[in-house]
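**Student:** Take the position in the sequence shown, starting the count at 1, then add 1; the result is the number in this note's numbering.
No lab work stands behind these hints, which were simulated from the structure alone. Mixed in with the good hints there might be a few duds.
[Claimed, not checked] Computed spacing ranges between beta-carbons, pair by pair:
no., residue 1, residue 2, range
1, Pro147, Ala75, 40 to 46 Å
2, Pro147, Arg5, 41 to 47 Å
3, Arg5, Gly89, 21 to 27 Å
4, Gln122, Gly159, 16 to 22 Å
5, Glu116, Gly173, 18 to 24 Å
6, Ala149, Tyr44, 28 to 34 Å
7, Asp12, Ala139, 40 to 46 Å
8, Thr51, Val81, 34 to 40 Å
9, Gly156, Gly78, 35 to 41 Å
10, Gly52, Arg171, 34 to 40 Å
11, Glu74, Ala149, 47 to 53 Å
12, Glu74, Gly158, 37 to 43 Å
13, Phe60, Gly89, 17 to 23 Å
14, Met138, Ala80, 28 to 34 Å
Note that the coordinates shown come from a computational prediction; the quantities given were computed from them, not determined experimentally. C-beta: ideal position from N, C-alpha, C; glycine also.
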Amino acid sequence: MTARVLLVENDDRGYRAAFRDVPLSDLPPGDVLVRVRFSSLNYKDALAVTGAGKVVRRFPMVPGIDLVGEVVEAAAGYAVGQTVVCTGQGLGETRWGGYATHCRLPVDHLIPLPEGFDPFQAMAVGTAGFTAMRCLMALERHGVAPGAKPLVITGAGGGVGSLAVLIAARLGFS
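Using the sequences provided together with the hints, build the complete structure.
**Tutor:** Below, the structure is given as C-alpha cells:
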C-alpha cells in the first residue's frame with residue numbers, strides 16, 4: 002500500500018515539489034498511522050512548497066502544518082477508525098505533514114476530533130483559527146473582556162486575523 006504525498010525536495014537539482022507515491026513502510030516513524038481526510042492551506046505551507054521562506058528544516062518534506070483523519074492502525078488511546086486532529090508539532094517543517102493521503106505521527110501529537118466538529122469544519126478552522134482563538138483567550142486571561150472596549154485586530158485581511166474577527170464577534174467583542 003502507498004501514500005500519495007506532495008514531496009518537497011532541495012538538492013543539487015534545486016528546490017522542487019511534486020506528487021509522489023511512497024510505500025507506507027517508507028513513511029517517517031511514528032506511533033499512529035492516520036489516513037488524512039483534510040489539511041488546510043496556510044501561508045507557511047505556501048512558503049514551504051515554493052521555497053520562498055526557510056520553513057522546511059529537513060528534506061525531503063511533505064508540507065501541511067495541520068491535518069484531520071482516521072486512525073488506520075490502533076495505538077495507545079486511539080482506536081482504528083477514530084477521527085483525530087494534529088496542528089503544529091513541526092508538521093511541514095521537521096515532520097511530514099498533511100499534504101498526503103497517509104501520515105505516521107507520534108501518539109502525543111494527536112487529539113481526538115472535538116465534539117461538535119466534523120472533519121471538514123476542523124480544517125476550515127485549522128491552525129489559523131486555533132491561533133486566533135488562543136490569542137483571544139490570552140486577552141481574556143489578561144482582563145480584556147467582551148463589551149469593555151472596542152477590540153482592534155490588525156491583519157484582519159489575513160487568515161489568522163480574519164478568523165480572529167469572526168471569533169471575537171461571536172464572543173461579543175465589538
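**Student:** All hints are to be evaluated individually against the structure, with a verdict given for each.
**Tutor:** Here is what the structure says about each hint:
1. Pro147 to Ala75: 40 to 46 Å: holds, 43 Å
2. Pro147 to Arg5: 41 to 47 Å: holds, 44 Å
3. Arg5 to Gly89: 21 to 27 Å: Since arginine 5 and glycine 89 have Cβ atoms about 23 Å apart, the given range 21 to 27 Å holds.
4. Gln122 to Gly159: 16 to 22 Å: Distance hint for glutamine 122, glycine 159 holds at roughly 20 Å.
5. Glu116 to Gly173: 18 to 24 Å: holds, 22 Å
6. Ala149 to Tyr44: 28 to 34 Å: Since alanine 149 and tyrosine 44 have Cβ atoms about 31 Å apart, the given range 28 to 34 Å holds.
7. Asp12 to Ala139: 40 to 46 Å: 41 Å Cβ-Cβ, so the 40 to 46 Å window holds.
8. Thr51 to Val81: 34 to 40 Å: holds, 36 Å
9. Gly156 to Gly78: 35 to 41 Å: Since glycine 156 and glycine 78 have Cβ atoms about 37 Å apart, the given range 35 to 41 Å holds.
10. Gly52 to Arg171: 34 to 40 Å: Given a distance of about 37 Å, which is inside 34 to 40 Å, the answer is holds.
11. Glu74 to Ala149: 47 to 53 Å: holds, 49 Å
12. Glu74 to Gly158: 37 to 43 Å: At roughly 42 Å between Cβ atoms, glycine 158 and glutamate 74 fall inside 37 to 43 Å, so the hint holds.
13. Phe60 to Gly89: 17 to 23 Å: Holds - the Cβ-Cβ distance for phenylalanine 60 and glycine 89, about 20 Å, lies within 17 to 23 Å.
14. Met138 to Ala80: 28 to 34 Å: Holds - the Cβ-Cβ distance for methionine 138 and alanine 80, about 30 Å, lies within 28 to 34 Å.
Figure legend: structure checked against the earlier numbered hints; every hint is met.
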